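Asker: Here is what each chain is made of, one letter per residue.
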Amino acid sequence: MRPTVEVSIRGSTATAGHYFTWSPVDCTARVTDPDGAVDPVAITVRNRTHTAGAPLTFRAAAAEAPADQLPLLLDVAGAPTSFQIVPVFQSASEENHSAGIVVDVAGEVDASVEISAMVRIRPDADTMTTAQRDRYLTAFAALNDGGAGRFQDFRDMHLDSTSDEAHGNAGFLPWHRAYLLDLERELQAIDPSVTLPYWRFDRPAPNLFSPHFIGQSTGTSQPELAPSNPLATWVTDGIPGIQRRTTGWNDQKESAPGLPTFPVRTEAETLALGSVFQQFWVMEGSPHGAAHISFVGSINSIDSAARDPLFFMLHCNVDRLWAKWQWLNRRYDGGDSATYHPDGAFGAVRVGHKRGDTMWPWNAVTGWPRPPTAPRTPLAPSPVTAAPGDYPTVGAMIDYQGQLSPDNWCGFDYDDVPFEPEPGGTDGP
Amino acid sequence: MDLDDYRRQLEADVGAAAPPAGDLADAMATLADRSGPVADRVEAARLVNMRAHERPDTFGLLVDILGDGGDATDVRLAALDGIEVHQFGSSALKEQRAELTVALKRAMEADDPDLRERAIDMLARGRDVDVQRQLIDGLRDRTAAITTPQRSVELLGYDLKADHYDVLKDVVAGHEDAETRREALRLLAADAESEALIETVVRDKDEEAAVRDTGAAALQAVAPEQFEVVAYDIVADDNDYDEIKASVLTKLTQQGSTTSIPAEAAAQLDTIQNERADGEPLKEAARRHIEQQDN
Amino acid sequence: MDDAEFLERVSAVTERHAPPDGLVDLLAEDSGVFAGHGAREVARRRGWILAAFEQTGLPEGAVPYVREELETAHDPYVAAAAAKAVRGSAARDGEFAYHLTAALTNMVQRDDAVCFDGFVPNWSVGSTTTVVAEIAASLRWLGRLPAAVVPTIEAAAATVGLGAAARQRLTEVITEAESVAEDDGRVELRHLDTGERSCCRPASPGADPLPTGTGRDLARVRVEDQAGASLSLAAFLTGRPTVIAFFYTRCENPYKCSLTVTKMADLQARLAQIGRGDDVQLAIVSYDSAHDTAARLARYGQARGFVGTDHHRLFRVVDGEEDLHTYLAINVGYAGSLVNRHAVELFLTNDAGVVVRRWERTLWSVDDVLEQVLSPSAP
Chain A
1 MRPTVEVSIR GSTATAGHYF TWSPVDCTAR VTDPDGAVDP VAITVRNRTH TAGAPLTFRA
61 AAAEAPADQL PLLLDVAGAP TSFQIVPVFQ SASEENHSAG IVVDVAGEVD ASVEISAMVR
121 IRPDADTMTT AQRDRYLTAF AALNDGGAGR FQDFRDMHLD STSDEAHGNA GFLPWHRAYL
181 LDLERELQAI DPSVTLPYWR FDRPAPNLFS PHFIGQSTGT SQPELAPSNP LATWVTDGIP
241 GIQRRTTGWN DQKESAPGLP TFPVRTEAET LALGSVFQQF WVMEGSPHGA AHISFVGSIN
301 SIDSAARDPL FFMLHCNVDR LWAKWQWLNR RYDGGDSATY HPDGAFGAVR VGHKRGDTMW
361 PWNAVTGWPR PPTAPRTPLA PSPVTAAPGD YPTVGAMIDY QGQLSPDNWC GFDYDDVPFE
421 PEPGGTDGP
Chain B
1 MDLDDYRRQL EADVGAAAPP AGDLADAMAT LADRSGPVAD RVEAARLVNM RAHERPDTFG
61 LLVDILGDGG DATDVRLAAL DGIEVHQFGS SALKEQRAEL TVALKRAMEA DDPDLRERAI
121 DMLARGRDVD VQRQLIDGLR DRTAAITTPQ RSVELLGYDL KADHYDVLKD VVAGHEDAET
181 RREALRLLAA DAESEALIET VVRDKDEEAA VRDTGAAALQ AVAPEQFEVV AYDIVADDND
241 YDEIKASVLT KLTQQGSTTS IPAEAAAQLD TIQNERADGE PLKEAARRHI EQQDN
Chain C
1 MDDAEFLERV SAVTERHAPP DGLVDLLAED SGVFAGHGAR EVARRRGWIL AAFEQTGLPE
61 GAVPYVREEL ETAHDPYVAA AAAKAVRGSA ARDGEFAYHL TAALTNMVQR DDAVCFDGFV
121 PNWSVGSTTT VVAEIAASLR WLGRLPAAVV PTIEAAAATV GLGAAARQRL TEVITEAESV
181 AEDDGRVELR HLDTGERSCC RPASPGADPL PTGTGRDLAR VRVEDQAGAS LSLAAFLTGR
241 PTVIAFFYTR CENPYKCSLT VTKMADLQAR LAQIGRGDDV QLAIVSYDSA HDTAARLARY
301 GQARGFVGTD HHRLFRVVDG EEDLHTYLAI NVGYAGSLVN RHAVELFLTN DAGVVVRRWE
361 RTLWSVDDVL EQVLSPSAP
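Chains as they are written, first to last, in my numbering: chain A, 1 to 429; chain B, 1 to 295; chain C, 1 to 379.
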């Protein structure tokens, strides 16, 4: 007897192409062919061990502590048995397919099911491996395609003429979260192992400000890029290269300073702004604006910032800070006035910034006070989740980990922001 | 990792990072008092800047100070700090848009070069045509310059539609500073009619390597197909330099070429592969290009 | 043309009390005063000419230019100048209220300072105004406002980020307008968040004159489409009526090219809805053929919902561009290869490629074009 077992991960029975974050992953296992067996079929779900990679743990139900192995008994008639994969916080994959699970069928060594996956997490740009960095840069350069690629959509979305959709109001953080996610999904369509890295502007980042990554400031208008750097062919608006130099600080040794009387807030100072969204949202000025203005060049104005690839890493850090604030203060319920401004409150008055509003341009809504056209709709789809939808609302960006409902899971996480359900919350996507 | 420990550690860090103490109204009063000590007013500006969002009238004060030619430079610079950062999002500052433009024009007339330069930068970012005119005039006539030639070109580069293409061509053709010429070449890539000039620079063996390299990037951006022709000509040229050969080969490889390698260039690539030492940049560039073509 | 010569051309009218029609000729994209200059400089010159109409009087021939700038200007200086020009009109025609209100919605989120004290103003001594202040002044000057525009002005006055002084001016416009309001019943104001931008303007003006007597044809004009296919434009235009629009991907004015392509996508969708998608061809042609490669055309169209098909295409001109521009009398100017200024215009050709309808310097509406294309007398 060699019963055949099928494992379904988030509804997919594929043996590859699974991408996890820190959120627990709902799975089922079932017997598809008992091959004569009459008793329940014993299986063991375990971490794949023959390759290096992110370890995974398992549990039968959300209330249980995860373990390295999980024995289960499957109904011989084929009824599915649920279990969860629980990625281990701060053990992200560095390569595609480097995580995996094995399902051993008792007594049948050859009947094991092996499934590869990746714990795909947004990393600190300064700590990326060379391979991670190069994949990211290659994908980004491909999206730019010497100025002829789809990257131009992201340039066209972030201009002075569109800035009220995304700035100066409560929707600043949700809009940019969607913007980054849209971009990340475009990059993942080129290379699914890529995630957006973040630039911790409150720490020195010599590996990021390197000729082999985002370029090292030289005192001239352009940072030095190695000839082999994929960004060497970067073009925006028909103009090659990246216009950026520091305001005098040493990008090899120092963190971004901001301006003399308006410094970049550190992570701790940012999180100390307060536990209510209205207090925290002030971070649009510092650290966000102060980090932008730490340079002379494209990145120091809303209209031209998207010409510089560093801009997306800056904003990824802004989003990470919001995510970390959410975790610290358990702020995932957008209906709670401490989590997001209630409609009509300061900062959530303008259309596009209220929790239930859809966001431009993905919603394709045009006409004053929205911009006259919407150059990118819908938001890029993901093969692993339907959230936040084609036409995301402000509110859809808040519960990005799926704390309140698995349906909310947007498919990204940060390397230092865990998934930690509130007592009484749901058990993840 | 124990998440409880992780949370406790973060809470401790956050607890130790209390926001700056001080009364905002007092700080605004100190900042507004033109007769007060400059150091006190700058310190007050620090608090006003960080907490400007709490009172929309802070922005009017910051703009007033910036535009006041009689006020102390350090205080005006501090006000500009707040304005520059809050340009990234404050709708209350946006209400001062017209007043800010006037204040920046006045700051352009300041004696202090830092204040002047930052005001020029901010107006140039906003595509102010009067500033663009001054920058162009300064490139044509040094005595009229409001900043250095390199900065002038750089600042004009904020605007694809500035009136600068003629003067950029003059800079490329005749300016003595290589960095200024490189910046001008880069911007000329936006104009297809500059293709011939850019190509001349790329082919010129007497040019500095860095200038030719920037020219190559510009040519690839403005005329990718012509860049391929020029790049393979350079590779095939026995008398050209390794550095530019490696550079154009890398650009061809990264962007992907649409044509097969011409015979003379192919022969040169074979020679490079056979005769150069491992690890030489040109040999590496040649290897990668051949591999990409084979794929 | 340098500043001195330009200013001499303008002052020949303004200071010698010549008929202001002489200024109208300068506004054409090919008048010579803009050739070779960057877009920002062109905006300054256009604004200087338009502002002069406040003093010289606004001739009839300048009205389409003023209307166009009010509806589409992205530059506060030009929009303010167009608003000033309205006050040179002999008649206080309430129709201007629609155009001024369109300018208000375009500019209310960028109410910048402008200075008309000199072509190259001295900001330290000159008096400044703002674009919203000029629009408000012209609305008040009109005296009687159609009731349909009042809600838009009220909404503009409530815009987040608008300064207190501008808010006050708009409030005064509303207060005065209420006392003289009349509804001339021309158009209903559509919902602000979903309507086309043409919500606040009167119905499309009468047919614009067709290009005639150009002495050119399309025989030499070859184009490449968004998929990289090369073809004769004349051959494409033969056999079906075609709506032709112009654009370029580097256009920075959201009220022009991006909106044009978006509306062409809307037109495409509307034709498909009624099963006429293959009966009417759509051609969107770039002004900037050197930059707008097939890949760029495809991406730009796709991002705005325009689907490339055999009969609906985006084009770059690879040969005979001058013939095409002359044949259609296109209003576009250049500095080097870069477009420095262009009008918003649309053409309808019959199945022989002959222009039978033209929308010039106006934000054409999809409804109007659809009606023309589908009318029994259509080509």
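Read the hints as simulated data drawn from the structure, not as lab findings.
Source: prediction; values computed, not measured.
Ideal Cβ positions, reconstructed from N, Cα and C, are used throughout, including at glycine.
Treat each hint with caution, since some may be false.
As the list claims (entries may be wrong) - Cβ-Cβ distance ranges computed for the label pairs, FRET-style: (1) B:D233 to C:F119: 44 to 50 Å; (2) A:E420 to B:P37: 47 to 53 Å; (3) C:R16 to B:D233: 55 to 61 Å; (4) C:E8 to B:G22: 55 to 61 Å; (5) A:E422 to B:D5: 17 to 23 Å; (6) C:D367 to B:A17: 45 to 51 Å; (7) B:D112 to C:D93: 22 to 28 Å; (8) A:T13 to B:E264: 38 to 44 Å; (9) A:P381 to C:A229: 24 to 30 Å; (10) C:D367 to A:N329: 20 to 26 Å.
Asker: Taking 24 to 30 Å as the hint, is the beta-carbon distance of A:P381 and C:A229 inside that range?
Answerer: Holds, at about 29 Å.
Asker: Tell me if the beta carbons of A:E420 and B:P37 are separated by a distance inside 47 to 53 Å.
Answerer: holds (50 Å)
Asker: Does the Cβ distance between A:E422 and B:D5 fall inside 17 to 23 Å?
Answerer: Once the Cβ atoms are compared, 18 Å apart, the range 17 to 23 Å for B:D5 and A:E422 holds.
Asker: Honestly, do C:E8 and B:G22 meet the 55 to 61 Å range at C-beta?
Answerer: holds (59 Å)
Asker: Does the Cβ distance between B:D112 and C:D93 fall inside 22 to 28 Å?
Answerer: violated (51 Å)
Asker: Please check whether B:D233 and C:F119 have a Cβ separation lying inside 44 to 50 Å.
Answerer: Because 48 Å falls inside the window, the suggested range holds.
Asker: May I ask you to test the hint 45 to 51 Å on the CB atoms belonging to C:D367 and B:A17?
Answerer: Once the Cβ atoms are compared, 58 Å apart, the range 45 to 51 Å for B:A17 and C:D367 is violated.
Asker: Using the beta carbons of A:T13 and B:E264, state whether their distance is inside 38 to 44 Å or not.
Answerer: Check failed, 56 Å falls outside 38 to 44 Å.
Asker: May I ask you to test the hint 20 to 26 Å on the CB atoms belonging to C:D367 and A:N329?
Answerer: violated (51 Å)
Asker: C:R16 and B:D233, beta-carbon distance inside 55 to 61 Å?
Answerer: Holds, since C:R16 and B:D233 (Cβ atoms, about 59 Å apart) stay within the stated range.
Violation of the numbered hints given earlier is confined to hints 6, 7, 8 and 10; the remaining hints are satisfied by the structure.
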